[in-house]
Amino acid sequence: MEVLFVLIGLVVLIGAFIAGNYNALIQKRNRVKDQWAQIDVLLKRRADLIPNLVEAVKGYASHEKETFESVISARNNVVSAPNAESELKANGELTAALGRLFAVAEAYPDLKANQNFMDLNKNLKETEDKIAYSRQFYNDAVLLYKNKIEMFPSNIVASMFGFKPEPFFEANEKEKEAVQVKF
1 MEVLFVLIGL VVLIGAFIAG NYNALIQKRN RVKDQWAQID VLLKRRADLI
51 PNLVEAVKGY ASHEKETFES VISARNNVVS APNAESELKA NGELTAALGR
101 LFAVAEAYPD LKANQNFMDL NKNLKETEDK IAYSRQFYND AVLLYKNKIE
151 MFPSNIVASM FGFKPEPFFE ANEKEKEAVQ VKF
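All residue numbers for the sequence shown refer to the numbering used here, where the first residue is 1 and numbers rise by one.
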C-alpha cells in the first residue's frame, strides 16, 4: 500500500512538472507572437506612410525614378511577405531603400521646408523609433523563450511537445551599410 502511495505521488509530481513547464513554454511562445504582432502593426503603419512620402519627394526630385521604384518595391515586398522570416528580410531592404530616399531628400532644401514632407518625415521617424523599441522587446521575448526551450529541465518538456525556437530580429547587411547618394 505504501508503494502505491509513493507511485501515485511520483506520478503526480512528474505530471505537475510537465504541466508547469508546458504552461511556461506556451506563455513564452505566446509572448513572442504578441511582440511580433506589435512589430507587424508598426511595419504596416510605416508601409502606409511610404507612398505619401514618395509622392512628396517626387515633386522635387522627379529624376530620382530608380530610388522611388526601389522604395515602392521594397514596401510592396514587406506588405506581401508570406511569413515572418520573409518579412524580416523585406524589412531590411525597405530600411535601406528609405535611407536612400532620405539622402535624396537632403539634397533639396525646398523639400525639407515643405510642411507635408516635414509631417510625413516626423510620423515616419516616430514609427521607426517605435519599431526599434518593439524589435528590442521582441528579441527579449525570443531570448526568454529560447532559454526556456534550451535549459534543463524545461528542455525535456520542450522536446517532448515540439517547441521550436523563433528567429531574432537582426539587422541585415544592407541595413548596416552607409547610404550613398550619387547625382
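Just so you know, these hints were derived from the structure itself, not from any lab. Accuracy of the hints is not assured; some may be wrong.
[Stated by the list, open to error] Restricting the straight-line Cα-Cα distance to at most 27 angstroms, the calculated cross-link-like pairs of lysine-lysine (DSSO-like) are: (1) K89 <-> K125; (2) K65 <-> K146; (3) K146 <-> K122; (4) K58 <-> K146; (5) K89 <-> K164; (6) K146 <-> K33; (7) K44 <-> K33.
- request: Tell me, in ascending order, the numbers of any earlier hints that this structure violates.
  value: 2, 3 and 4
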